[in-house]
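*Asks:* Here the protein sequences line up with chains L and Z, keeping their order.
By the working numbering, the letter at position 157 of the first sequence is numbered 157, and the numbering carries on one by one without gaps.
By the working numbering, the letter at position 202 of the second sequence is numbered 202, and the numbering carries on one by one without gaps.
Derived from the structure by calculation, the hints contain no laboratory data.
Among these hints, one or two may not hold up.
Each pair may be met inside one copy or between any two copies, as identical chains are not told apart.
Subject to a maximum C-alpha distance of 25 Å in a straight line, what follows is the list of computed BS3-like cross-link-like pairs (lysine-lysine) [as the list claims (entries may be wrong)]:
| hint | residue 1 | residue 2 |
| --- | --- | --- |
| 1 | 212 | 116 |
| 2 | 378 | 162 |
| 3 | 223 | 115 |
| 4 | 212 | 267 |
| 5 | 28 | 212 |
| 6 | 407 | 141 |
| 7 | 212 | 378 |
| 8 | 125 | 231 |
| 9 | 212 | 391 |
| 10 | 115 | 264 |
| 11 | 115 | 363 |
| 12 | 377 | 125 |
| 13 | 363 | 267 |
| 14 | 225 | 407 |
| 15 | 264 | 125 |
There are 2 protein chains.
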Amino acid sequence: MKTAILSVGTELLFGQITNTNTVYLSNKLNMLGYDVMYHYTVGDNPERVFDMINLAFEDCDLVLTTGGLGPTQDDLTKEVACEVMGDELVLDDDAMEELVSYFKNLGREMTENNKKQAILPSRAKVFYNDAGTAPGFALEKDGKYIICMPGPPREMTRMFEKSVMPFLESMSDDVIYYRMIRAFGIGESQLETELMDLIDDQTDPTLATYAKEGECSLRIASKKKSRHEAKEAVDRMLETVIERIGDYIYSCDDEELVEVVCQKLMKKGLTLSSAESCTGGMFAAAVTDIPGISRVFQRGLVTYSNEAKMDELGVRAETLDEFGAVSEETAVEMAEGLKRVSGSDICISVTGIAGPDGGSREKPVGLVYIGFIYGDKKLCKKVLMRDVNRKWNRHYTLLSMLDMINKNI
Amino acid sequence: MKTAILSVGTELLFGQITNTNTVYLSNKLNMLGYDVMYHYTVGDNPERVFDMINLAFEDCDLVLTTGGLGPTQDDLTKEVACEVMGDELVLDDDAMEELVSYFKNLGREMTENNKKQAILPSRAKVFYNDAGTAPGFALEKDGKYIICMPGPPREMTRMFEKSVMPFLESMSDDVIYYRMIRAFGIGESQLETELMDLIDDQTDPTLATYAKEGECSLRIASKKKSRHEAKEAVDRMLETVIERIGDYIYSCDDEELVEVVCQKLMKKGLTLSSAESCTGGMFAAAVTDIPGISRVFQRGLVTYSNEAKMDELGVRAETLDEFGAVSEETAVEMAEGLKRVSGSDICISVTGIAGPDGGSREKPVGLVYIGFIYGDKKLCKKVLMRDVNRKWNRHYTLLSMLDMINKNI
Chain L
1 MKTAILSVGT
11 ELLFGQITNT
21 NTVYLSNKLN
31 MLGYDVMYHY
41 TVGDNPERVF
51 DMINLAFEDC
61 DLVLTTGGLG
71 PTQDDLTKEV
81 ACEVMGDELV
91 LDDDAMEELV
101 SYFKNLGREM
111 TENNKKQAIL
121 PSRAKVFYND
131 AGTAPGFALE
141 KDGKYIICMP
151 GPPREMTRMF
161 EKSVMPFLES
171 MSDDVIYYRM
181 IRAFGIGESQ
191 LETELMDLID
201 DQTDPTLATY
211 AKEGECSLRI
221 ASKKKSRHEA
231 KEAVDRMLET
241 VIERIGDYIY
251 SCDDEELVEV
261 VCQKLMKKGL
271 TLSSAESCTG
281 GMFAAAVTDI
291 PGISRVFQRG
301 LVTYSNEAKM
311 DELGVRAETL
321 DEFGAVSEET
331 AVEMAEGLKR
341 VSGSDICISV
351 TGIAGPDGGS
361 REKPVGLVYI
371 GFIYGDKKLC
381 KKVLMRDVNR
391 KWNRHYTLLS
401 MLDMINKNI
Chain Z
1 MKTAILSVGT
11 ELLFGQITNT
21 NTVYLSNKLN
31 MLGYDVMYHY
41 TVGDNPERVF
51 DMINLAFEDC
61 DLVLTTGGLG
71 PTQDDLTKEV
81 ACEVMGDELV
91 LDDDAMEELV
101 SYFKNLGREM
111 TENNKKQAIL
121 PSRAKVFYND
131 AGTAPGFALE
141 KDGKYIICMP
151 GPPREMTRMF
161 EKSVMPFLES
171 MSDDVIYYRM
181 IRAFGIGESQ
191 LETELMDLID
201 DQTDPTLATY
211 AKEGECSLRI
221 ASKKKSRHEA
231 KEAVDRMLET
241 VIERIGDYIY
251 SCDDEELVEV
261 VCQKLMKKGL
271 TLSSAESCTG
281 GMFAAAVTDI
291 PGISRVFQRG
301 LVTYSNEAKM
311 DELGVRAETL
321 DEFGAVSEET
331 AVEMAEGLKR
341 VSGSDICISV
351 TGIAGPDGGS
361 REKPVGLVYI
371 GFIYGDKKLC
381 KKVLMRDVNR
391 KWNRHYTLLS
401 MLDMINKNI
């Protein structure tokens, strides 16, 4: 089904925020087998929104909108959608109930303008918003569909996953089955080179590579009449891919590396502690983002200063003096000290130079040492990143730490 | 001048990459006083690119395109632009020379298809590309302008800064000045209610509110003949806004809360340590994301287990038994323990239930206690969030911690 995505919001035209909704939706819609033909963005202006929806329907059968559903005066997408689809707005009792309980739970008073959000098109299939106040909805006329969702990415993605995706799945004929393979330690161009013949010959399944911050993904997709057929085609191709680049793959189901590692630790009943310098708590934060991790993760020490490294981890002053805070020796003593204080099965430490300052000829920005202890294994890995920027260096260091655990347990 | 931005590239419709060009150009164009009315994205399809440019010109006098200028077969933006503007393609000797020297410098042979890039509209003002091979250009017909730039962000931004911006500056009359106010602790609808009369009456400056994950922004913008006039109008309005909602405002220059707090700490020469439970290191990670913070941030303890709370911070077993890990008493003892071990000027602690599990009737998911010590000040704040999800709860807790520091130093 030919599809257009319409983003409504003057803030997008001002260039204040990046339109992440559109990339998210495009990705999901393609996965579901919808052909995304156009992206449009207009401001909070009812005439232009009206024109744009009509324009989209000239060529497409499905229009998804984000934004303009909130309580404020410039939120007018709903009114316009209603006009285009020849429907009228009525009070939706369930939506009103949801709203009232939302504010009650929050202990805040509901201002008058909020009530507007419970007024919805009479024929709409309503999608409740459990991350905010504005409900979304789908509305049909003469075989054309409009789906309106709120603009804040958190609300939109939650509504999409929970309500819109099942709705769209129920509308489609062909079945797309796909798997998203994720790899660390291999660049996108190398990945493409390894798989070149498969990519060149592709009809179905199709292969597409994606670069992601420090990682690579490979999407294997098949579109068939049945899920079973599609799945079989994808799984056959996956076997070939694993033969070629299996060493780099950490997930065949689009999981984050941190998820993979934490699930492994939980399954094995291993405990974990961390001692971080340059990543400053990012490792602990990433790990503790996983629900249920409290059985595994015991403590994280962010020893940013030398004093903290000595106090908390017993790193020796002489080590810091002789080899420096960023050295194999310090990384190892950090991991050993962590093992002493935490007693965790796995102890991981990191020290490095995230930049932009603090680099030198011998120890440039982007140099990192990761210490690791698990049972008899005591390892230290040196990582030298091409210095992109502080954020990137810290992010790549985090991935390297997770990869080190993943490969050694 | 009314302006549209057209992105050309099938990869954008697949959701493989985020359209950062459009946000960049929107921001720059607004600053230059151009009214960005529409964003469009289409695939590498000449008919649709043709239709879209014509559509844009119905309402706009300026269309900027990115993408589709390269050497490959599906790069057709130039041909289409030429058709729309009634021009013909001719060999541009200077562009050819640039191309030849580009490949020479690179030590690579120029393949035949690259020559296509030196063929340009006969009336075009050409913008040479010093970060890649495809030149851009501006083309005028009957007072309407099209500006075509390459798609890779690095090439596009460089060409924009160096050539397109001066070209646009020479064409524009008005100047826009704006400030972006950021606030925490006030919802978007409440913000609008407080400023309703100003928003209703707006002509210039204009006011617009935005919701951001757990925060709110307000943009005050003015468009005048000179930057000075526009700035004066914005600053006058800002005074009124500060009178009304000053308590919630943490930045008038679109800074992140963590930036504001860290800058304050650096300026005051205060040291900081943190003891985190439910945020699991997010606070330390956020703070250490700021370059130069090592003078301020000393250590972060992620005391996830009760044992770690007792070991690292000296929280008493009786306190944990009697009041629980998530309690005012524990938060206070965590902060006190942190003060003892770190000696930092500011010690902040947090304990709470991030979910999805672990909640109870008396202590629901979303309940958090933040402990804070600074000089004689010893505070504990209870925050009860509506449970959206674990990520949100942790994010909002982080903002609450930063807000607590910001308001108390």
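*Asks:* For each hint, tell me whether it holds in the structure or not.
*Replies:* Now the hints, each set against the structure:
For the identical chains of this complex, residue 212 and residue 116 are inter-copy neighbours only, at 21 Å across copies versus 40 Å inside a copy, given an alpha-carbon limit of 25 Å. In this homomeric assembly, residue 378 and residue 162 never come within 25 Å of each other (Cα to Cα): the closest approach is 45 Å inside a single copy and 43 Å across copies. Neither within a single protomer nor between protomers do residue 223 and residue 115 lie at most 25 Å apart by alpha-carbon distance, with minima of 44 Å and 34 Å respectively. Neither within a single protomer nor between protomers do residue 212 and residue 267 lie at most 25 Å apart by alpha-carbon distance, with minima of 27 Å and 36 Å respectively.
In this homomeric assembly, residue 28 and residue 212 come within 25 Å of each other (Cα to Cα) both inside a single copy, at 17 Å, and across copies, at 23 Å. Taking the shortest alpha-carbon separations for residue 407 and residue 141, neither the intra-copy value of 54 Å nor the inter-copy value of 53 Å comes in at or below 25 Å. Taking the shortest Cα distances, residue 212 and residue 378 never come within 25 Å of each other, neither inside one copy (30 Å) nor across copies (44 Å). Taking identical chains as interchangeable, the C-alpha atoms of residue 125 and residue 231 are never at most 25 Å apart, the minima being 31 Å within one chain and 47 Å between chains.
For the homomeric pair residue 212 and residue 391, the shortest alpha-carbon distances inside one copy (14 Å) and between copies (21 Å) are both at most 25 Å. Neither within a single protomer nor between protomers do residue 115 and residue 264 lie at most 25 Å apart by alpha-carbon distance, with minima of 47 Å and 40 Å respectively. Taking identical chains as interchangeable, the C-alpha atoms of residue 115 and residue 363 are never at most 25 Å apart, the minima being 60 Å within one chain and 30 Å between chains. For the identical chains of this complex, residue 377 and residue 125 are neighbours neither inside a copy (57 Å) nor across copies (53 Å), given an alpha-carbon limit of 25 Å.
In the homo-oligomer, the alpha carbons of residue 363 and residue 267 never lie at most 25 Å apart, since the shortest distance is 39 Å inside one protomer and 28 Å across protomers. With identical chains, the CA atoms of residue 225 and residue 407 are never at most 25 Å apart, being 39 Å at best within one copy and 60 Å at best between copies. With identical chains, the CA atoms of residue 264 and residue 125 are never at most 25 Å apart, being 41 Å at best within one copy and 50 Å at best between copies.
Comparing the model with each numbered hint stated earlier shows that hints 2, 3, 4, 6, 7, 8, 10, 11, 12, 13, 14 and 15 do not hold.
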